[in-house]
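Residue strings, one per chain:
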Amino acid sequence: MSRHALSVRSLTVEFATARGQARAVDEVSFDLVPGERLGLVGESGSGKTTTALSLLRLIRPPGRIVGGEIRIAGADVLAASPEELRRMRAARIALVPQGAMSALNPVLTCGAQFEDLFAAHGERGGAARIAALLASVGLEPQVAGFFPHQLSGGMKQRVCIALAVALRPSVIVADEPTSALDVIVQRQVLRTLVKAQKEAGAAIVMVGHDMGLMAQFAHRIGVMYAGRLVEIAPVRDIFADPRHPYTRALIESLPDLERRGEFRGLSGLPPSLLDLPPGCAFAPRCPRVVERCRVERPGPTLLAGGREARCHFAAEPVHAG
Amino acid sequence: MWAYVANRIGLAAVVVLIALSVNFAIPRIMPGDPVEQQLAAISAAGGQTGDMAEAAKALRQRFQLDRPIWEQYLGYLWNVARADLGVSVANYPQRVSEIVLSGLPWTVGLLGLSTLISFGLGTLTGALMAWPSAPRALRLLALPLVLVSAIPYFVIGLVLLALLGIVWPILPVAGGYPFGQVMNADLPTALGVLKHGILPALSIVLASLGAWALAMRGMVVSVLGEDYMMLAEAKGLTERRIFLAYGVRNALLPQFTQLALKLGALVSGAILVEVIFAYPGIGYKLYVAIGQKDVFVVQGIVLLLSLSIAAAMLILDLFYPLIDPRVAARSS
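First to last, the sequence lines map onto chains A and B.
Residues 1 to 321, numbered by our numbering, are exactly what the first sequence covers, in order.
Residues 1001 to 1332, numbered by our numbering, are exactly what the second sequence covers, in order.
The reader is advised that the hints may include incorrect statements.
[Claimed, not checked] Covered stretches of chain B, going by a simulated chain A footprint (3 or more residues, C-beta under 8 Å): (1) 1218-1228; (2) 1317-1326.
[Said to hold, decoys possible] Heads up, incomplete: computed chain A residues facing chain B, CB under 8 Å, no partners named: (3) Pro106; (4) Ala120; (5) Gly122.
Hints listed in this document are in silico derivations from the structure and should not be mistaken for laboratory results.
Beta carbons: idealized from backbone N, C-alpha and C, even for Gly.
Please take these sequences and the hints and turn them into a complete structure.
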């Protein structure tokens, strides 16, 4: 197990609501080897961000991790004391946040935000170390003296990436790292993120809803639906041969150069987390649903090549239609 | 940078000029002729009765009310620039500036200190009330603080006066210093002044603490939802550092604006507290002047008030870029 940079077992997160417990993440399991890039996709509310933030135990009330196990290079995250957890964060598992525009403290210079990271982990900072980190994400050393409002969105996100790799963590969690940026900057920032991740030798969990963008940067893709990880497979396999009907629907909704102007959407809405169908959560929208899907919840089906899908028919390819 | 400073100073100058003009205009627009009122008051009090027309003319000349209005305006500006606010009508020939200045140190001392104390205590309490891992008991403070801050400060003053001045007479109930004490720069004088300041200061602190605390709590709650707070936690910073440098530091910004306004307005005194405790500050002088219909003293105090608010805002504007780096950037 310790050869894994990250190992997640049956992670379950619930949110207390007025109408009961909403299970936002439902028994999610996956492993990452060092240097591996996993893209976690799904529509909003599918639990991908909650999964990502759980890895750093950053879920705030009314949310709560109710079960499962998270290990980073063997170290148990959920069993850590508050002080152990504090030391793990950034040093073993780092976050590249979602809101690039407001993720940096507006009243501190970028340099000061590196220095307090180093100070919190008992390390020496210094202008040279900060300059080297900034250079690794393509920024000039002067940026250390700038306040966040003096930087563009892309530059701010680069600063966040430099902060994330500063202590050479084993795992980087990037929660929709490019959602606040325009398309051109998105690609540059992702390229920077991947370069920094490779240099740090870290594994990365990238959360996003743009499957096309993910496909270019991830090794494997995990697809989430209603809090469940419905399929996880290497990028090439998942595009060539999706085994879950939801994955297929997602892929078909992507624009294509040859297939101009024709998109196949997915009718219906994801179910309420407070009122999930007893069987497969996707059953109400699934084109190939049978009676069994409505009553029996599909467990994980292990497939060749380390793939996994939660569908009763995962063993056979999903055909169009 | 210098453009910002020049801009702010220019703006303050404009505000001061407008305040001066309004202060000049109001007594001249108001119905009733102050000269005739004054003469009527004198004769009603059994004072000198002679040729009323002649006396009025003399008074008009004395206060230069017979000149053209623009000449009066320029003369007024010139006098203010020389710190000459005219003479008191009720305590002729005492100068208005003397009366105002004799009250100023008392008010600035009492209100300045009690404002800073309640700002500091209230802000800290409010920040802790909003902090998720602060002791639970602190959060329960909200209700009593709301209740106490809903009581007007002069009512709190009266209650304190009754309790600590009369029922258990441990503190002096009136004045700014021990009766008969010769004011020297020595320890007994300082102790006497301090002792006399406790009750009025306490009533102001108690009455304003809640407002500071509740405003700060609200700001910290909204700062807690900011993305940079989550990143600070993800960076593994110590909680102390997150609380002070990320939470409080950002939540403080509007509190400082409020503090500057309060400090600017404090020269008008906490009139009712000063009256209750017969504290020799500006508020008390203003109260006496209004009772005596001493127009020039009232006008002088109002002028001082507008000037000090303008000064406080200018100081805030000049310091604000240091506490919020975004401000200088936006205005330049």
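When the hints from earlier in the document are held up against this structure, which numbers fail? Per hint list: single violation, 5.
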